[in-house]
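So you can see what is in the structure, the chains are spelled out below.
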Amino acid sequence: MIRYVALKVGRAVFVVWAAFTVTFVLLFVLPANPVDLLFDPTELNSIPPEVRAQVAENYGFNKPVLLQYADRLGHALIGDFGNSVQSGRPVIAAILDVLPSTLILASAALVLATLIAFAIALVATATRRPWLRNLVEALPSGAVSVPVFLSGILILQVFSFQLGWFPSFGDNGVQSLILPLITLAVPVAGPIAQLLVRSFATEFGAGYVTTSWAKGATRGRIIVHDVFRNAGLPALTIAGVTFGNLIAGSVITETVFARRGLGRMTQTAINTLDVPLVAGIVVLVAVTFALINLTVDLIYPVLDPRLRASLTAGVS
Amino acid sequence: MTAIALTLKKPIFRIEKAPQPILILSWIIVLTVIGWALFPSLFTDYSPYAGDPAASFASPSLEHWFGTDRLGRDLFARTVYGSRTTLTATLLAVLIAFGLGAVVGLAAGFSGGIVDTAIMRVVDVFLAIPSLLLAMVVVSVLGYSTNNIALAVGISAIAAFARVMRAQVLTVVNQDYVKAAYGLGVGRLGVMLRHVVPNSLSSVIALAALEIGTGVLAVASLGFLGYGAPPPQPEWGLLVAEGRDYVAVHPWASILPGLALAIVVIATHRISTSFRKEHRR
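One line per chain: the protein sequences are A and B, in this order.
Residue numbers are given in full-length UniProt numbering: position 74 of the first sequence equals residue 74, and the series is strictly consecutive.
Residue numbers are given in full-length UniProt numbering: position 57 of the second sequence equals residue 57, and the series is strictly consecutive.
Treat the hints as calculated values from the structure; they're not laboratory data.
Beta carbons are placed, not taken as given, at the ideal position from N, Cα and C, and that holds for glycine.
Treat the hints with care, since some could be wrong.
[Said to hold, decoys possible] To give an idea of the interface, some chain A residues facing chain B are shown, with a C-beta separation under 10 Å as derived from the structure:
#1 Ala-6
#2 Phe-14
#3 Gly-142
#4 Ile-270
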């Protein structure tokens with residue numbers, strides 16, 4: 001058991017370190033002249049060489065690559081990713097500034113997406129009408145096929161411009177949260193629903209369900225008592241994918257609805273080539289991803305006795 | 001008792017029973033769009049660049065199917081010509097992801113041991129960065145252009161392909177015919193090329209089919225965010241982005257090209273699931 005935990009923690013730490021290294025190589029080593037990235041491309045030619053040298057000195061670009069790497073890694077370990085080029089503020093402070101707004105949006109969207117996914121799986125399992133089942137099962141692949149920017153614009157058009165129920169942009173309380181929330185929840189719900197529909201179907205054909213039928217249980221009782229409890233768990237295994245979808249979705253959603261947040265900041269940081277900020281965001285995302293996967297790996301055996309038994313027996 | 005027997009005898013779950021007509025319709029849609037990309041001038045008489053400023057923001061009509069944009073350019077023509085940019089980039093991206101992913105996965109699965117572990121840990125790292133974010137970073141380093149978008153989307157999908165390829169190689173390597181080939185004195189390279197590669201590719205090809213839909217979405221999303229072709233060029237994501245500024249008054253300018261894009265993605269998904277089912281049989 002301790003070996004299992006140590007292995008998983010080690011893997012998480014490795015992923016974060018390697019993500020940092022990949023980001024470093026991509027952003028600081030590969031560009032022919034990283035100093036150029038720090039200036040506005042239109043002003044690039046008007047910048048005197050002394051200023052360039054000064055900037056290179058400040059950012060440490062004139063030092064050997066390995067030394068730069070060690071320096072940045074050392075600072076990153078204590079949460080220092082340098083200063084944002086655009087605002088001049090520490091990267092961590094800039095990220096923490098917009099993080100709450102995205103966290104609220106993403107967690108609310110995750111809750112809604114989970115509810116939608118379970119509703120789809122329940123209807124698909126419970127219904128006896130083939131046409132309804134086919135329709136409901138087609139929904140998840142539709143949800144992942146429609147680009148987020150299109151669904152965002154459609155929702156904006158209908159509920160904000162036509163019906164006028166919600167504000168079209170901004171960040172003022174619950175009213176302005178509803179439309180982005182729905183936009184983000186739809187693509188996130190898709191993969192979860194696909195997985196749940198499959199695992200509900202598998203569990204519905206399992207031996208213990210046959211036993212329940214034999215004991216005279218109704219369809220509803222079987223779904224609620226037997227299937228629901230066993231089929232929900234596998235959804236945890238795609239927590240990482242779900243997180244990725246939430247991040248990608250929030251970049252687009254926040255752009256469409258002009259909301260403040262991590263996604264929009266990422267887009268601005270990339271547009272303005274704010275290298276330290278981009279590096280900070282990527283590492284933060286990798287840390288979160290690693291933590292989510294670590295949590296799933298660690299609590300899965302707690303939730304699933306079968307896995308726990310195989311772990312204590314030393315077969316992992 | 002009879003009631004139970006009846007319930008059990010019935011196929012309790014028919015996962016896929018979508019009527020064939022939808023599959024045929026999907027093929028028609030995809031082939032039409034490929035036609036758009038290959039011979040755009042056969043499908044529209046309008047130029048995607050030259051517009052009539054007097055006829056700006058026309059509503060969809062028989063003359064202008066998708067209406068016109070701010071400069072009076074026919075939006076249907078721009079969508080048709082835009083399919084070339086978007087589809088070429090997608091195809092390039094899938095080829096990069098498929099080619100490199102298959103090689104990496106083959107190397108990992110066939111070598112085994114420490115090489116396998118090392119490669120798969122690196123793959124884990126790429127899976128830890130959401131692909132849109134990774135593609136955005138890559139494109140920012142390479143510079144904004146449609147080709148770089150294709151490269152970025154391709155690179156961000158390599159890890160997924162490598163994973164599938166490795167899993168497939170691992171099952172094939174343990175098959176009897178592979179052991180028999182070794183027994184007959186075939187070298188490692190021969191076994192790999194003659195037996196392992198051909199028998200491992202099918203599930204990776206199924207993934208490639210699925211990735212085309214996802215790739216179109218990724219390419220269009222990056223185009224929408226403004227990392228692709230510069231404005232006068234038509235590209236699906238960019239078309240939606242251009243129309244977005246006027247969405248309050250002229251909604252069709254962004255919604256119609258966007259819907260065309262969504263329908264194509266849905267059609268490719270439908271086709272790729274039919275591939276996967278045939279493959280499973």
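* **Hint check against the structure, violated hint numbers in rising order** => 1
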